[in-house]
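Using the numbering used here, the letters of the sequence shown correspond one by one to residues 2 to 524.
Fair warning: there could be bad hints in the mix.
Heads up, simulated SDA-like pairs for lysine to any residue below, C-alpha to C-alpha not over 20 Å straight-line [what the hints assert, rightly or not]:
#1 340 to 481
#2 377 to 354
#3 462 to 489
#4 462 to 409
#5 340 to 365
#6 495 to 300
#7 340 to 376
#8 462 to 493
#9 377 to 314
#10 462 to 354
#11 495 to 306
#12 340 to 495
Computed Cβ-Cβ distance ranges for the label pairs, DEER-style [stated by the list, open to error]:
#13 270 to 452: 26 to 32 Å
#14 337 to 445: 34 to 40 Å
#15 270 to 494: 30 to 36 Å
#16 127 to 199: 32 to 38 Å
#17 445 to 154: 30 to 36 Å
#18 39 to 86: 43 to 49 Å
#19 255 to 514: 27 to 33 Å
#20 134 to 291: 45 to 51 Å
#21 199 to 255: 31 to 37 Å
#22 86 to 304: 53 to 59 Å
#23 470 to 260: 19 to 25 Å
#24 393 to 43: 14 to 20 Å
#25 127 to 377: 52 to 58 Å
#26 253 to 137: 30 to 36 Å
Because the hints were derived from the structure by calculation, they are not lab data.
Note that beta-carbon positions come from the ideal geometry of N, C-alpha and C, so glycine has one too.
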Amino acid sequence: MSTVISRCRLPGSGGSGHGARRFPFEILFLSMQSAQPEPALAEILGFLSRGQPRLAADRAMALLADQPDHAEAQRLYGVALFRLEDSDAAIAALSRAVELSPISPPAAWGLAEALQAAGRAEEAKDALLRLISATGEEPVALLLLARLSLASRQSDEAYDYARRALTADPEVEGGRRILGALAYRRGALAEAVDLLSRDRLKHGESDPGCFQARSLYALGRGAALADLPAGTTAVQRHNEAVLRALAAWRENRTESVSRNLELAAAAKADLAQKSDGASAGDSSVEVFATLADLLSRLLVYRTDRPELYEGEVATLIVAIGDTHCLSAGHLVVPWQGGKALVLPEPLLEAAPSSLLAERPDPLQTAFRSALDRLPKGAIPAICIGELDLRLTQGLFSRSLDLSESALMAEFRELASRLAAFVAAEGRARGLTPLLVTPPASNAPLTLIPAAQRSRFLAAHKRFAATLADSARDLGLPLLDLRAVTLSGERVEQKRYIDTNHLWPETFVEAFARHHVASEQTSS
2 MSTVISRCRL PGSGGSGHGA RRFPFEILFL SMQSAQPEPA LAEILGFLSR
52 GQPRLAADRA MALLADQPDH AEAQRLYGVA LFRLEDSDAA IAALSRAVEL
102 SPISPPAAWG LAEALQAAGR AEEAKDALLR LISATGEEPV ALLLLARLSL
152 ASRQSDEAYD YARRALTADP EVEGGRRILG ALAYRRGALA EAVDLLSRDR
202 LKHGESDPGC FQARSLYALG RGAALADLPA GTTAVQRHNE AVLRALAAWR
252 ENRTESVSRN LELAAAAKAD LAQKSDGASA GDSSVEVFAT LADLLSRLLV
302 YRTDRPELYE GEVATLIVAI GDTHCLSAGH LVVPWQGGKA LVLPEPLLEA
352 APSSLLAERP DPLQTAFRSA LDRLPKGAIP AICIGELDLR LTQGLFSRSL
402 DLSESALMAE FRELASRLAA FVAAEGRARG LTPLLVTPPA SNAPLTLIPA
452 AQRSRFLAAH KRFAATLADS ARDLGLPLLD LRAVTLSGER VEQKRYIDTN
502 HLWPETFVEA FARHHVASEQ TSS
């Protein structure tokens, strides 16, 4: 018999707050129940299902007064106390329920969940491991262990627990979704697609992290991305519409870009109408909304400046990397005495620290997939760096406590390792990548302390200089985008669409300067 889990938020499925903590309690009478409950229990369950935990607790206490060793009444009493946010009493009641019925999965689930909510994660883990020791590979307990491991940043252990859950019961509801999300996080994108596809197509299963869509996008599978059924939530519909728009921009299908941006706008409007406002503040929505705004501006720009996208070309250049690649997309630029067409291959969350991470990362898989999908004879232009050079995110924001010398060493090492990584990946495919320096920062710096401002600008400069030096040492060509965005030491703000992104003509200018510099070097 498969384990049935209904009307609940599964571990690892996203969400926050008290509602996200209720997982085992939402399934307390829907899972692993082989018989109808006795009338008193049915009454308690009814109170809980109707959101009346005080009445449920009172009824459970009355039943326990007559039958103090009634394990199920004790468990439901603990559930009611948890709903009443009486954490210590809930843990005590659920602990007693486990003592009375050590092989009851719902009792162990509930105790583990209450312990985790109280910040006692190790005790929660022990409760679940005891259940598995007593009953064997219990799938829901294994999924809860996966969530606990993920919360403690033990992603390999989390993946192993989720894999064991699915092996124990291939039909455990939510098992594929959880394992698919973990597969994505370790860069196993094809596995993530395979795991997430079946429930999405068969049951309309929610994928709040959009891991299936992200994986399809990263693997260049735009047609499969376009064919995904609509998401079940406004957040998912919004983010996946933007992913489809990104894929369409990559493939030069501007009508599809516009259509998907309209769908994203409609989903965002739905979010804005939510009374609690929680989903509207989802950080992923903000990230994808920024990309949607950038695409909208680029569509208008392309209509206004068609001459930048026209001309006979002899070479293909594929811009692979962060979202600056969007602005470079489909431009016709000067190249070696002729013209080249720049195709965009923007990657999600393309920070060099992620690309160079020791642990597998989805960016690494996406980067290698982009190189493997290059059209024959195309030149890869690698534009990665700026995401680690922002004030409030990336490596710089995580390095504020370093001394200035240590900070400079950190960014010098990051740039040199990035260049070496790119060169090695290129050599493995018979390619000579073009390295692109990140632009100067257009962030408003006047309101931050002078010392931090100085460190920030120095880190930018150090990264770009080291990238240029490393490119020369490795025999890689360099496109100096940073130089085009500076006039002396002053940032040319006219080059920027927003705080971080550039107008397309900036790339045309960078390629023009690269052509002149190449001619001067060869002469």
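Against the structure, the hints:
no.	hint	verdict
1	340 to 481	holds, 18 Å
2	377 to 354	violated, 29 Å
3	462 to 489	holds, 12 Å
4	462 to 409	holds, 9 Å
5	340 to 365	violated, 30 Å
6	495 to 300	holds, 18 Å
7	340 to 376	holds, 17 Å
8	462 to 493	holds, 16 Å
9	377 to 314	holds, 15 Å
10	462 to 354	holds, 17 Å
11	495 to 306	holds, 16 Å
12	340 to 495	violated, 25 Å
13	270 to 452: 26 to 32 Å	violated, 43 Å
14	337 to 445: 34 to 40 Å	holds, 39 Å
15	270 to 494: 30 to 36 Å	holds, 31 Å
16	127 to 199: 32 to 38 Å	holds, 34 Å
17	445 to 154: 30 to 36 Å	holds, 33 Å
18	39 to 86: 43 to 49 Å	violated, 28 Å
19	255 to 514: 27 to 33 Å	holds, 28 Å
20	134 to 291: 45 to 51 Å	holds, 48 Å
21	199 to 255: 31 to 37 Å	holds, 33 Å
22	86 to 304: 53 to 59 Å	holds, 56 Å
23	470 to 260: 19 to 25 Å	violated, 45 Å
24	393 to 43: 14 to 20 Å	violated, 53 Å
25	127 to 377: 52 to 58 Å	holds, 57 Å
26	253 to 137: 30 to 36 Å	violated, 54 Å
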